[in-house]
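Number of protein chains: 2
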Amino acid sequence: MSLLIVGSIGIDTVKTPFGKADSVLGGSASYSSVSAGYFSPVDLVAIVGTDFPDEYRFFLESKNIDMEGLITKKGKTFRWSGEYGWDFSDAKTLSTKLNVFAQFDPVLPEKCKNADHVFLANIDPEIQYKVLQQVKKPKLVLADTMNFWIENKNKELRKLLKKLDIFLCNESEARQFTGEGSTVKAARSLLKLGPKKVIVKKGEHGALLFSDHSVFCIPAFLLETIHDPTGAGDTFAGGLIGYLAQCKKYTRQNLRKAIAMGTIMATFAVEDFSLNKLGGISAGDINKRFKKFQELTCF
Amino acid sequence: MSLLIVGSIGIDTVKTPFGKADSVLGGSASYSSVSAGYFSPVDLVAIVGTDFPDEYRFFLESKNIDMEGLITKKGKTFRWSGEYGWDFSDAKTLSTKLNVFAQFDPVLPEKCKNADHVFLANIDPEIQYKVLQQVKKPKLVLADTMNFWIENKNKELRKLLKKLDIFLCNESEARQFTGEGSTVKAARSLLKLGPKKVIVKKGEHGALLFSDHSVFCIPAFLLETIHDPTGAGDTFAGGLIGYLAQCKKYTRQNLRKAIAMGTIMATFAVEDFSLNKLGGISAGDINKRFKKFQELTCF
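In order, the protein sequence lines correspond to chains U and B.
When the letters of the first sequence are read in order and numbered with our numbering, they come out as residues 9 to 307.
When the letters of the second sequence are read in order and numbered with our numbering, they come out as residues 9 to 307.
Excised from the complex, chain U in its bound form (with noise of 0.2 Å):
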């Protein structure tokens, strides 16, 4: 089974009450094909320009990434800066630099217009349709989104939104988009504009699976210590579509099994700055967390 990310590879400089780490490789489509190449080869689709270092591009290439679709333009790669307080639940954005990223508009490799399970990182919601177009016969598609396209592109990701398979959203946005007070609602709202599904993320606390007649409620794994939340919705939703890229079939308990998969990769995510940890696990780090999630889940 094949599996497409389009998204976002940024140069991210983030403060934490934990520390600060100046430069490192971010974007959405890094922490998502990162957390996905765990499970199923991944065929990125993004755009860095020629400042980006040698170093991040192959890391991203040993992850089990292939780098065709990633579109070298000249100028600078994308540039987030922000910082986090005690509660690590918002980021406080210090600066945005979208540089080569302005001119995002991919025209898919061949191999990538066969793929079976599509992710669409957060991104324009018209280009996210764009992308989709050139892919012939998707068998899943997962998009995210944020505030800034609920309010600004409102009607491109309505569009959207009747193309998907699973729609990821965290709770405000779910609140934001229906102008519904209750998440329950906000979701089934969501469920009416097309999507199949609806996960909503509710960091800490956990995530929420909907569909027509059923919930899934899964609640987050506790860790001691979170150095950097960055990236950790992306992550969620790599471990997600990656579990399900490598499944046979999509019954309900492997749905289940790819979004506590993903709950699981995002606190690899979170341990440490950047890719620094996720990058670094093995298989066997996975499985052990999951079954100990498991455990500590069960009653």
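In short, the hints are calculated from the structure, not lab data.
Heads up, the beta-carbon is just placed ideally off N, CA and C, and yes, glycines get one too.
Certain hints may be false.
Unchecked claim - Calculated lysine to aspartate or glutamate pairs in the DMTMM-like style (CA-CA distance at most 20 Å, straight line): (1) B:Lys144 - B:Asp124; (2) U:Lys205 - B:Glu303; (3) B:Lys193 - U:Glu212; (4) U:Lys299 - B:Glu303.
Unchecked claim - Pair ranges (Cβ atoms, derived): (5) B:Glu303 - U:Asp98: 32 to 40 Å; (6) U:Glu91 - B:Ser180: 21 to 29 Å; (7) U:Gly202 - B:Cys306: 25 to 33 Å; (8) U:Gln302 - B:Pro25: 33 to 41 Å; (9) U:Ile289 - B:Thr101: 47 to 55 Å; (10) U:Glu91 - B:Ala291: 32 to 40 Å; (11) B:Gln302 - U:Asp124: 28 to 36 Å; (12) B:Thr80 - U:Lys296: 24 to 32 Å; (13) B:Gln254 - U:Asp95: 55 to 63 Å; (14) U:Thr259 - B:Lys256: 32 to 40 Å; (15) B:Cys306 - U:Lys200: 22 to 30 Å.
Said to hold, decoys possible - Among the chain B residues that face chain U by a calculated CB cut under 7 Å, a handful are: (16) Phe26; (17) Tyr92; (18) Gly189; (19) Val192; (20) His213; (21) Gly214; (22) Val223; (23) Pro227; (24) Leu230; (25) Glu232; (26) Asn262; (27) Arg264; (28) Leu304.
Please arrange chain B on chain U, whose structure you already have, making use of the hints.
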């Protein structure tokens, strides 16, 4: 197995975005006793004034609750009035009149001194301690508290904690008590103060159980409609200890089931004002929702 519950009985006036309930039965002991009574006979110890309506007295008696320990004192019953906005996590207290509750200093009836299980609902920790001293050989003691006592009777609360099997608090109270920003670290600090286990209630996000070497996470049971969150925590505690009181052993599995049962019971409490819904359910309703909850959370 006998179960003693000590706490407040009050007359509440509550306003939520869904309506208003005027002068209805409330109080930590009412919610927790009715909840526990579905699983195990309860001995209730509380105080009311001569104005306490007979219909509430008869109602409690009809719910598997022995009222021998209910003191009726000349004067008025404890009254509380509060309001909730769309964020149900915090009530705005409009007025509190302690009335006869200010003189609550119970001498336990002989029968209650032999209680196996004790739930000390949220009252002055000095009174909680004095009550506990009168119980000869309790097998399991659970106690709840609130921010007011953490601030104003910290020493007394610490004294009580040494005697507890399970200490119950919400997330912000755990942080306030310990000065720890992380819930995990706060719970670990609380364990060092004496209780064998700590349960952190997270409202709509579920609950966490901490013991020396393990953690158990449970999500909340998602409801489409919440009419009045008053008493949710007390109902949770009542379901928890009521379920444990009818278990032959305190295995890890039973404790987890008890927490799940407490979660389920709380959902009935919040679906209507006062004890309107909680007081009128059947064993079948409880089992059905419990099974649904297991089904919703298993992966």
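Comparing the hints with the structure gives:
1. Proximity of Lys144 (chain B) to Asp124 (chain B) is assessed by CA-CA distance (about 9 Å); at most 20 Å being required, the pair is judged to hold.
2. Taking the CA atoms of Lys205 (chain U) and Glu303 (chain B), the gap is near 18 Å; set against the 20 Å cutoff, the hint holds.
3. For the hint pairing Lys193 (chain B) with Glu212 (chain U), the CA-to-CA distance comes to about 14 Å; that is within 20 Å, so the pair holds.
4. For the proposed pair Lys299 (chain U) and Glu303 (chain B), the alpha carbon gap of about 19 Å is at most 20 Å, so the pair holds.
5. For Glu303 (chain B) paired with Asp98 (chain U), a C-beta distance near 33 Å keeps the hint of 32 to 40 Å intact.
6. For Glu91 (chain U) and Ser180 (chain B), the hinted distance range of 21 to 29 Å is satisfied, since their beta carbons lie about 24 Å from each other.
7. Gly202 (chain U) and Cys306 (chain B) have their C-beta atoms about 28 Å apart, which keeps the hinted 25 to 33 Å range intact.
8. Checked against the given bound of 33 to 41 Å, the beta carbons of Gln302 (chain U) and Pro25 (chain B), roughly 38 Å apart, stay inside it.
9. Taking 47 to 55 Å as the suggested C-beta distance range, the pair Ile289 (chain U) and Thr101 (chain B) conforms, at roughly 48 Å.
10. The hinted range of 32 to 40 Å is not satisfied by Glu91 (chain U) and Ala291 (chain B), whose Cβ atoms lie roughly 53 Å apart.
11. At roughly 33 Å, the beta carbons of Gln302 (chain B) and Asp124 (chain U) sit within the given window of 28 to 36 Å.
12. Distance hint for Thr80 (chain B) and Lys296 (chain U): a CB-CB separation of about 59 Å, inconsistent with the stated range 24 to 32 Å.
13. Checked against the hint of 55 to 63 Å, the C-beta distance between Gln254 (chain B) and Asp95 (chain U) comes to roughly 41 Å, which is inconsistent with it.
14. Here the CB-CB span from Thr259 (chain U) to Lys256 (chain B) is close to 37 Å, well matched to the stated 32 to 40 Å.
15. Range check, Cys306 (chain B) to Lys200 (chain U): Cβ separation about 27 Å, and the 22 to 30 Å hint holds.
16. Interface hint status for Phe26 (chain B): violated, as the beta-carbon distance to the closest one in chain U is roughly 12 Å, over 7 Å.
17. A least Cβ separation of about 12 Å between Tyr92 (chain B) and chain U goes past the 7 Å threshold, and the interface hint is therefore violated.
18. At about 5 Å, the closest approach between the beta carbon of Gly189 (chain B) and any beta carbon in chain U falls short of 7 Å, and the interface hint on this residue holds.
19. Using the Cβ-Cβ criterion of 7 Å, the hint placing Val192 (chain B) at the interface with chain U is satisfied: the shortest such distance is roughly 5 Å.
20. Taken as an interface hint, His213 (chain B) checks out: its beta carbon lies about 4 Å from the nearest beta carbon of chain U, inside 7 Å.
21. The interface hint given for Gly214 (chain B) is met, as the beta carbon of that residue sits about 6 Å from the closest beta carbon of chain U, less than 7 Å.
22. At its closest, the beta carbon of Val223 (chain B) sits 6 Å from a beta carbon of chain U; the interface hint therefore holds under the 7 Å criterion.
23. Residue-level restraint check for Pro227 (chain B) holds (minimum Cβ-Cβ distance to chain U is 4 Å; threshold 7 Å).
24. Here the hint on Leu230 (chain B) is kept, as its CB sits about 5 Å from the closest CB of chain U, short of 7 Å.
25. Annotation: interface hint on Glu232 (chain B) holds; nearest CB of chain U at approximately 5 Å, less than 7 Å.
26. Hint status for Asn262 (chain B): violated, given a least beta-carbon distance of 10 Å to chain U, over 7 Å.
27. Interface restraint check: Arg264 (chain B) against chain U, minimum CB-CB distance 4 Å, threshold 7 Å, status holds.
28. The interface hint given for Leu304 (chain B) is met, as the beta carbon of that residue sits about 6 Å from the closest beta carbon of chain U, less than 7 Å.
Taken one by one, the earlier hints fail for this structure at numbers 10, 12, 13, 16, 17, 26, listed in ascending order.
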